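Visitor: Following the hints, put chain B in place on chain A, whose structure we already have.
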Amino acid sequence: MNGKPLASRLEGKRVGQWNVIKRKPKDAADSSGHFSSCYFVENDKGEKAFLKAYNYLYAFGGKTGSADTLKFMTENFTYERDLLTLCGNSKMRRVVMAIDSGEYVEAGEVITVPYLIFEHADGGNLTNFLPISDLSWKLHSFHGALLGVSQLHKAKVAHQDIKPSNILIFGKTVAKISDLGSATQFGHASNWEQIDIAGDQRYAPVELLYKYFSPNWETRRFGADLFMLGGLLTYMVADINFLSLMYQKIEPYQRHNVFGGTFNEAMPFLMNAYHLSLVDLRKAIPEKIRDDLIQIIAELSHPDPDKRGNPQRLGNPHSQFSLQRFVSVIDRLSKKIK
Amino acid sequence: MILLADYEKKLVIPRWLNYAKAVKTRELSCPTASRFILSEFTKKHLAADYLEFKDSPTPHKAADLMGAAFVIGNESIAKEVAQYVKRSAVLQKPVLELANHILGETPKAELAFDVHARIAQSKKFLAEYPNNALVWIDRARCYTIVGQAEKAEYCVRIALKLAPSDRFIVRSAVRFFLHSDKLDQAWDCVKHASAIRFDPWIKATEISTAEVVKKSVKKLKGLVPLGTTPANIYHFSELIESYGMLELINGNDNRAKKYFKLAWSNPSHNVVTHSEWIVREHFPAMAEKAEGNFGESIEATAWQNYYRFKIDDALSAANEWALEEPYAKNAFGLGSILACQKHNYDQGVKIAKEGLKATPNDFGLQNNLCFGLLKMNMAAEAEIELLKIIAPTDPVSHVIYSATKGLLEFKKGNIARGRSLYLEAIGEAEELGDRRLLANAFMNLAITEIESNTAEAKEYTNAALKLSEKLDDVSVVLTRQLLNERLPDLNKKKDPLPFSKFHNPKLLPRP
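Chains as they are written, first to last, in this note's numbering: chain A, 4 to 341; chain B, 317 to 827.
The following block holds chain A by itself, in its conformation from the complex (with noise of 0.2 Å):
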């Protein structure tokens, strides 16, 4: 047996009916073994895919190894597995789809690879399209991956992990939400509800980095993905995630890994931050669509999450986390910037 686990290693071997071609770039020098490992794959009729191999040796590792890693670990495939089919089901065409699934087994090898196979995206991700890009066509795309979390959002599903690595660009001008490896459905939880911050936390929302958990699940998980839907949109529109925008404004030592405080106690300054913020954001936005832009900025980002989304004024039809009226927006916004 090599020194690199089997799911680090599947580069020319057949999983399932695909051939695997590549290990994608950004894991090639990863031989550490992490959860899991992800490579460009072809099946015979020459239609390419995206496959995701789960590293079960990752739960026997030096300092990892224990029954509990690894019941993490196989639990996590299956509850990706079938939220996967649950989107696939449910038809959510915004949701990047898992079009096949199982276990590569390889003689010699003690521990199988359970695996997950993708819709390729040509496209690539959106970092990928921003440089050539006018902001109809980001707007657009934003509009494309907000679909796809409000298609997750009327199934219950948050996400937790909305970055722009995860927007994924089909053709040219359709963006699809991938990577449901972090989220979690209400009644039917996730091995990541036990933990603080389920996603990256370089694009947490900021109550969450702040150790505030709200006990209610819709405000804690769908005002997470509002949040980092915000700070994608800022990213989409000025070049910059809105979480970074708002730490320029406040000291290091006001940051949440220094702060030794409450969220409470840290409201008015991250409060004092966020306003900053968007007054830097206007000069960044064409002053057609400035004022309708902020403020679904504002609203998705506000940092305190029972107050994010949509404003709870008497006569608003729209629930607090409801992306409808965003959605609507931004359709607008892209096509009358056009």
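Treat the hints as calculated values from the structure; they're not laboratory data.
Where hints are given, some of them may not hold.
Chain A regions said to be covered by chain B (calculated; three or more residues, Cβ under 8 Å) [unchecked claim]:
(1) 114 to 127
(2) 199 to 208
(3) 238 to 251
(4) 257 to 269
(5) 281 to 290
Simulated restraints, written as ranges between beta carbons of each label pair [claimed, not checked]:
(6) B:530 - A:315: 41 to 47 Å
(7) B:440 - A:316: 21 to 27 Å
(8) A:315 - B:466: 31 to 37 Å
(9) A:217 - B:709: 53 to 59 Å
(10) A:285 - B:662: 43 to 49 Å
(11) A:220 - B:497: 50 to 56 Å
(12) A:219 - B:340: 33 to 39 Å
(13) A:334 - B:497: 30 to 36 Å
(14) B:565 - A:315: 49 to 55 Å
No experiment lies behind these values; they were computed from the predicted model shown.
Beta carbons: idealized from backbone N, C-alpha and C, even for Gly.
Guide: Just chain B, lined up with the frame of chain A:
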């Protein structure tokens, strides 16, 4: 005669800086007990994104990676990628500004110097973002500086509503209410904040405010955790100092010293300021433990220089103190005294006028303004200002008030009336048994007599010098210096004194 604006009993009262300046101090920090742990998941994705960027760098990948690394505090990646971002011609201004910020190349944002411009700025900002407590309290500070107390209070109340237990908001609000003599409101807001949560900085303010309003604060023991690390003492230093002050007020000098010693081991700015007063007025033997820090507080520096007769240094420190705390009447009081001591009456008048913007009815500043104007022989202007003063009821202030009225009469040519008022002041000072005040009043009369070239000038001068000769109080020494400077004028030809028979003062030769 000028009023020295020193403290009778100095408590540990918070400063009120604008937020941009306050946030640069350590006073708003809140040390964490448990470090934030970066997840393996995040580490893996950061490493992968970094690798992808290195493999095929683009400005947008760089912008995303730099911002994300910055959020989790990965300085090395953030800085490396910021260099790339900075060179990009396609990225937008906010991300270029972040790159500069990460590289420490951001030009320092300056607040508009003019207070009215800052008020206008904040009005516009708050119209858009009315839930920003920090901007409300900054606006209150601006209104306080220009003496618009009602508008300031309106802003303070909104800030307190938005953030009733925030350290910066509550301590600023307390300072505002104390400044406005609304002691009960100061007490209410700090007590309310203290009930919401324990914060050593707010508790310290509560103790000092309680002393002002003559209330007691319960359960003080055990507030400073046992085994507090020297680094952490900083956050408790005001609380310990305030507690020490309570002990001092209650006559427990030894316990007070013990607390002061602990607080001064890692003091906050306010503690440094307070320690200067403690050393000077109560425990000079503790100077060694405190003096090393005085440079950190511009107020402490001003007082220290004043009491060491370093007038130029004291004046420059007082001016700086006034810029830092434009609502602090003692900064302007001391500044105006020092400028007049240097015969720079024009500057003294300007300083007093500036201080009066924030505290329009402060007797000390009103008096010093009149004094400066009279020294510049602007009797008419001085009289207008003097008429604005409500006669003080406090006996010390009344001595000074009478003396300044006497000076006005001298300047108007009413020598007899002027002398009579001076003598009234001297009599009041004698009645109070305040030798420092008495000597100052007497020497001021002598100076005025010399300036007015009266026949009695020599007699008053000799008596004043004799009266003050054994006093080494700084205010006496400085006035004596002014009198000594005038001695050569005594030999000038004297005008006849028309009403001398009415002005046979009761000399006070008791040293």
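Visitor: The structure should be examined with respect to each hint, and the outcome stated for every one.
Guide: Verification of the hints:
1. With a cut-off of 8 Å between beta carbons, the segment 114 to 127 of chain A has 0 residues touching chain B; three or more are needed, and the interface restraint is violated.
2. With 6 residues having a Cβ less than 8 Å from any Cβ of chain B, the segment 199 to 208 of chain A passes the three-residue criterion, so the hint holds.
3. Given as covered by chain B, the segment 238 to 251 of chain A passes the check, having 10 residues with a CB less than 8 Å from a CB of that chain where 3 are the minimum.
4. Coverage of the segment 257 to 269 of chain A by chain B holds in this model, with 9 residues showing a Cβ closer than 8 Å to a Cβ of that chain against a need of three.
5. Remark: the segment 281 to 290 of chain A is confirmed as covered by chain B, as 6 of its residues place a Cβ nearer than 8 Å to a Cβ of that chain, reaching the required three.
6. For the pair residue 530 (chain B) and residue 315 (chain A), the beta carbons lie near 46 Å from each other, so the given range of 41 to 47 Å is met.
7. Remark: the range hint 21 to 27 Å for residue 440 (chain B) to residue 316 (chain A) is upheld by a beta-carbon distance near 24 Å.
8. The hinted window of 31 to 37 Å between residue 315 (chain A) and residue 466 (chain B) holds, with their beta carbons roughly 34 Å apart.
9. For the pair residue 217 (chain A) and residue 709 (chain B), the beta carbons lie near 57 Å from each other, so the given range of 53 to 59 Å is met.
10. A hinted range of 43 to 49 Å holds for the C-beta pair residue 285 (chain A) and residue 662 (chain B), which are about 46 Å apart.
11. Our hint of 50 to 56 Å for residue 220 (chain A) and residue 497 (chain B) holds, since their Cβ atoms are close to 51 Å apart.
12. Hint check: residue 219 (chain A) to residue 340 (chain B), Cβ distance near 37 Å, so the stated range 33 to 39 Å holds.
13. In this structure the hint that residue 334 (chain A) and residue 497 (chain B) lie 30 to 36 Å apart at CB is violated, the actual value being about 59 Å.
14. Range check, residue 565 (chain B) to residue 315 (chain A): about 52 Å between beta-carbon atoms, so the 49 to 55 Å window is met.
Checked against the numbered hints listed earlier, the structure breaks hints 1, 13; every other hint is satisfied.
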